[in-house]
Amino acid sequence: MIKPLKKEIAEAEKNIKNFDFKDSHDESIKKLSEIQMVISNYSLTYATLNMRVRNIEESILSLKNNITQLVENDLIEIYNSAGLYFKGELKRTYEEMVLFHNDVIKNKIDF
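Every letter in the sequence shown is one number past the one before it in the UniProt record's numbering, and letter 18, counting from 1, is 18.
If you're looking for bench data, these hints aren't it; they were derived computationally from the structure. What you are looking at is a predicted structure, and each value in this text was computed from that prediction instead of being measured. Every residue gets a Cβ at the ideal spot worked out from N, C-alpha and C, and that includes glycine. Take these hints with a grain of salt, some might be off.
Unchecked claim - Across the chosen pairs, the derived CB separations fall in these ranges:
no., residue 1, residue 2, range
1, M51, N15, 51 to 57 Å
2, D26, K64, 55 to 61 Å
3, T45, F100, 17 to 23 Å
4, R52, F100, 26 to 32 Å
5, N41, K106, 36 to 42 Å
What the hints assert, rightly or not - Computed cross-link-like contacts, PhoX-like style, restricted to lysine-lysine with a CA-CA straight-line distance of at most 20 Å:
no., residue 1, residue 2
6, K6, K17
7, K64, K7
8, K17, K7
9, K64, K106
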């Protein structure tokens, strides 16, 4: 009775030594690779969208800060030179032009 067990043990040990782990894990490795690719694609999409959101937020902040504060000299110059082209008579005041400019900026922010 011990002889058949020894033979069985020897055969089991031989099977263990000859077992090819590579073939048994090929499918798992393939699935893992596919999952990693999906995660990588989602990460790339997230990073791209996050960068777009950050750029839009920075643009909005910049527009809010520029409502007639930093561009006042430019607006005055535009207003004054417009008078030259319309024979010195403008239908709108400088203040109305500033309000229009601010409305344009606000509409751009809201968009």
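Structure-based check of all given hints:
1. M51 to N15: 51 to 57 Å: Holds, at about 55 Å.
2. D26 to K64: 55 to 61 Å: holds (57 Å)
3. T45 to F100: 17 to 23 Å: Roughly 40 Å apart at Cβ, these two residues miss the hinted range, so it is violated.
4. R52 to F100: 26 to 32 Å: Given a distance of about 29 Å, which is inside 26 to 32 Å, the answer is holds.
5. N41 to K106: 36 to 42 Å: holds (38 Å)
6. K6 to K17: holds (16 Å)
7. K64 to K7: violated (86 Å)
8. K17 to K7: Distance of about 15 Å is within 20 Å: holds.
9. K64 to K106: Roughly 8 Å between the alpha carbons, so the hint for K64 and K106 holds.
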